[in-house]
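My request is simple: use the sequences and hints to build the entire structure.
Protein chains: 4
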Amino acid sequence: MIIVLKPDATEEEKQHLLDRIDELGLKPHISVGKSRTIIGVIGDEDVIRALPIEAIAGVEKVIPILKPFKLVSREFREEDTIVRVRDVEIGGRSFTVIAGPCSIENREMLVDIAKKVKNLGAHILRGGAFKPRTSPYSFQGLGEEGLKYLAEAREITGMPVITELMDPRQAELIYKYTDIIQIGTRNMANFDLLKEVGSMDKPVMLKRGFMSKIKEFLMSAEYIASEGNLKIILCERGIRTFEDSTRNTLDISAVPVIKDLTHLPIIVDPSHAAGRRDIVGPLSRAAVAVGADGVMIEVHSNPELAKSDGQQSLDIDQFKETMDSLSSLLPIIGRKL
Amino acid sequence: MIIVLKPDATEEEKQHLLDRIDELGLKPHISVGKSRTIIGVIGDEDVIRALPIEAIAGVEKVIPILKPFKLVSREFREEDTIVRVRDVEIGGRSFTVIAGPCSIENREMLVDIAKKVKNLGAHILRGGAFKPRTSPYSFQGLGEEGLKYLAEAREITGMPVITELMDPRQAELIYKYTDIIQIGTRNMANFDLLKEVGSMDKPVMLKRGFMSKIKEFLMSAEYIASEGNLKIILCERGIRTFEDSTRNTLDISAVPVIKDLTHLPIIVDPSHAAGRRDIVGPLSRAAVAVGADGVMIEVHSNPELAKSDGQQSLDIDQFKETMDSLSSLLPIIGRKL
Amino acid sequence: MIIVLKPDATEEEKQHLLDRIDELGLKPHISVGKSRTIIGVIGDEDVIRALPIEAIAGVEKVIPILKPFKLVSREFREEDTIVRVRDVEIGGRSFTVIAGPCSIENREMLVDIAKKVKNLGAHILRGGAFKPRTSPYSFQGLGEEGLKYLAEAREITGMPVITELMDPRQAELIYKYTDIIQIGTRNMANFDLLKEVGSMDKPVMLKRGFMSKIKEFLMSAEYIASEGNLKIILCERGIRTFEDSTRNTLDISAVPVIKDLTHLPIIVDPSHAAGRRDIVGPLSRAAVAVGADGVMIEVHSNPELAKSDGQQSLDIDQFKETMDSLSSLLPIIGRKL
Amino acid sequence: MIIVLKPDATEEEKQHLLDRIDELGLKPHISVGKSRTIIGVIGDEDVIRALPIEAIAGVEKVIPILKPFKLVSREFREEDTIVRVRDVEIGGRSFTVIAGPCSIENREMLVDIAKKVKNLGAHILRGGAFKPRTSPYSFQGLGEEGLKYLAEAREITGMPVITELMDPRQAELIYKYTDIIQIGTRNMANFDLLKEVGSMDKPVMLKRGFMSKIKEFLMSAEYIASEGNLKIILCERGIRTFEDSTRNTLDISAVPVIKDLTHLPIIVDPSHAAGRRDIVGPLSRAAVAVGADGVMIEVHSNPELAKSDGQQSLDIDQFKETMDSLSSLLPIIGRKL
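Residue numbers (our numbering), protein chains in the order written: chain A, 1 to 337; chain B, 1 to 337; chain C, 1 to 337; chain D, 1 to 337.
Because the hints were derived from the structure by calculation, they are not lab data.
The C-beta atom is built at its ideal place from N, Cα and C for all residues, glycine as well.
Just so you know, not all the hints are guaranteed correct.
What the hints assert, rightly or not - Quick look at which bits of chain B chain D covers, simulated, 3 or more residues with Cβ under 8 Å: (1) 206-218; (2) 239-253; (3) 265-279.
Right, dumping it as structure tokens:
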């Protein structure tokens, strides 16, 4: 950590700061420049981070040097983590396609979509049973009934399934039915929920908060990892910006940036980023080209009847078209579906 | 709701759309312009909102007309809501000051600060027992022990207390000890938690998500209200922007905008918005001038030893100075401390 | 245009509004809903847009229906515009690579880089002679001397050249030396400059303002087009967001969104979006996959000696690697280098 | 400047970096921590800033220590700058009100508004003759004719006037008629224009770019100052964020932050920040309370007929009301109208 003193910091203020550093068992390195004095602090970073150094008189700013995440960092583990879910691998040289409806509406619809996306090459089935809706008056999901249909669709198609956990009180219930536990964008910083899934032994897909920096995203992954669960799949799903022609702005750069910082796999969700169906195909291709480990796409057999997210769901034909283009791109990138 | 058709929408597409509208018991009003056909849809807005009209072929865009919130809107109740907490009133002509440390660190510190801020005119004592920290390796709060100290500080000073609820499993515990339940910025869209406090009979302070539009903020208040609890205090605490000289950007305009849209009281938290102590005073004065119903300020007897948020906490002298300036401004605005 | 009246608008206010609409030769269509009255206004959109309808008492909001740009819209011209610069085509089935140093530092360096990038398949040479620098104390470019080197490099390599125009007083000078006139991100809304290049007969590359919505970007293109110049190449180069691990956030979705709205070609500048060299390769591949018409990449023979943007410039080896991967991707997308 | 090396930087890379630092006549201070080596570089900051250190192999990141602006910084001049325009002072203990229409529409309207705002206590008259409009089809201002009316209104009322300069080719013309030259938000980073007004001897009002950080804003002021003109008035006018209930988000914190960094006066423009008339009053009061040196308010005698910005202009009664509230607030803050 680097501490920059104010140009008018007094000798007393400086001494008080050095005393505080000493009390904590840390070692200061002082360098005096023409217009600023700078103090480098060496020692246990966790101790240093906990201190409100900026609250000490005479301090202009405090600059951390080390990254705050550990277990999920490339420095901790150099090789890529591959998360295994039944017979599907996420990460490494495979490219994983997760597809399905936004919410589970009924048994027939889910099984129908599941069969169709499986047929077209999807690996994992998605479907929400508890839905985070901005309005209390919107459809809130089928609850456990939906989870049962999901399990049934798995049995019929053989695809592993993923569904969202929103409330720690439903952790056991979700655990019972799903193969991957999804933490949604609104819960990326719900730390109690992160600890809960951190203590489970099932893979977790952590979606980036739509207002979260990449470093905060990785700190949330660190929460899960710090409880012992390293089977984490990251998901970039767009961030909130001033641009309003898409629902969010897909941060495609996040993929290589994240691959540089962590060993965890990262997939892209073009459906939620775009919020409109017509560009899901191009964004999926961009995800392949930029080096993502997979995509998660909303698919519905009849989007105009969907109880949620119909405007951004592909129909079966559009999904087929997208899958076809991904299959031709992937070998060039050195990956396979 | 207004539906704009694409310039190249076919007659069939148009008819299909009209059929869908009819099926739902809604009434269309068609107006054909030079380059666009527009369909106004009249009927139950909740039914209309639930439909993914944008997923229907031939539709260019869909424009909602009505506001999605009801119980919290000015149209539902014209006069200002005043929330009563023991003998303190929030809203109306009073201006409420909530003060105290970021987190409860020990009994002595809390009681000491409580007495001092009470003495200087604060009305309500704040203090966190469960802390949402971005790092799993940071101080996470004292838990129930902290809540007990908070209750003790209330007994000693007579001030009502406020503390944050983060996890629905702790709802009962928090309920038992606090006078106002705080929902933090990261949980503004934690809908299960909102429903939980919506079914309680204690006042709730809902902080704006730092990534949330005003309309989403009011929809979260609607979640609480829809479960029966209308004792809601809103809190503007800054939004995330590209500017990095403050931790967040205080959206001061949100105060009059929100007063126009809802009958609920709204207070300002300058400490979290700024993330730096030196501008908390000026921002508190701006909150008074713009018409807020109160402020929530972090105060610590020795900020450089604080276990969290030390850099943005006022010390007792700085808090006194701020209170002095607020007392002279308030009568001009027609309010009293 | 749709005008929504306030729920408490009086009959008088409504009549006054209708009188104003009538005065302007426009036709109102009134529909009275349960809680709002809505007035559709039909007629010349330019007349309507010019009116501050929102300033009229009783009006709640005004919703425009038509897009404000015309000449650059798909509705005006359905087929893709192809911009020809000497023997290079931008748009259509080709994919154009513009490469070169950020600023022209001296003759030798420029000619050396020009030969090398030409050799590796680049089509157009970039290089700045007048540099927009955030500090008045930074290198400001070689001026006309730089332009001469640029023309010389063109002669030697046969590549067309592009350079930035920042000041209308240099329009003639730039015109004399360059093949494509670049309007930089900071000047996207410099309307006098746009008019200036709009009246020229050379192609213009318009970079998106890092603070501009796609609709504003297209309105700036409309400024150029409205003066008669339709040889416009758009360039997405990242927008400012809260994310700070890249200099800006590349808005990759902008490519298909823009292709839907306009017939103009759109290329991607991954160097300025990223602000860091290590992800320029992946972002270039994403640009190909998403359907862009080309990329503009900063290349320097020795980035650590560059007088500007060294941190984001590829060296020759890195550029070769990127070109190799683009050549293998392009045929899959149905394009050629 | 602090250079952080990558954990896997080689001895050779480190040596190469040290050689580069040495070549430039700078002095390195090396400190070796447990997981990172850090090099402090001491010497001429302008030399250091010009280097693309991040482009050198083995470097993880580069952290500047000093602020990049000098002449406009508090360190350069401690006491507040007061800008004098005829008999009006901006800065110090006065509070300056600039008022008038968005654009000059005709002689009668301008003179009428000028007399009325003068009467109500305004100090300076605003009015645009050349208007930056997002659409080429909108009213573009009266040009020199408008400037003549402005000069006439000054003669009649005795108020100094301010108008915007957009194009360096009109610098002489604007100079001839105006007392303060305004640089608009879209031109904050138009560096040629900044240099142009930097070499003039009239006060300049520099509006913050709506997508600019405070540090960039001050760098633009530095451009003007570096040419010799220190008569600069800064103006906060809102920044672009995701919130859409106001046109921009007024960054009220910018006022105290800027006062801490620079000696220049700073005023607030609530009209452009809000983009809606109903909150201009509250925001003006907040500007007083937070410590701004003045406000600039759009006023029109009949907003619904205004040729630009009618929706955000106060009418005369609303302006009177606002002035009344400012006059009662100012003495409390220790200022006078």
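Hints, verified against the model:
no.	hint	in the structure
1	206-218	holds (count 4)
2	239-253	holds (count 12)
3	265-279	holds (count 4)
When each numbered hint is compared with the structure, no violation occurs for any of them.
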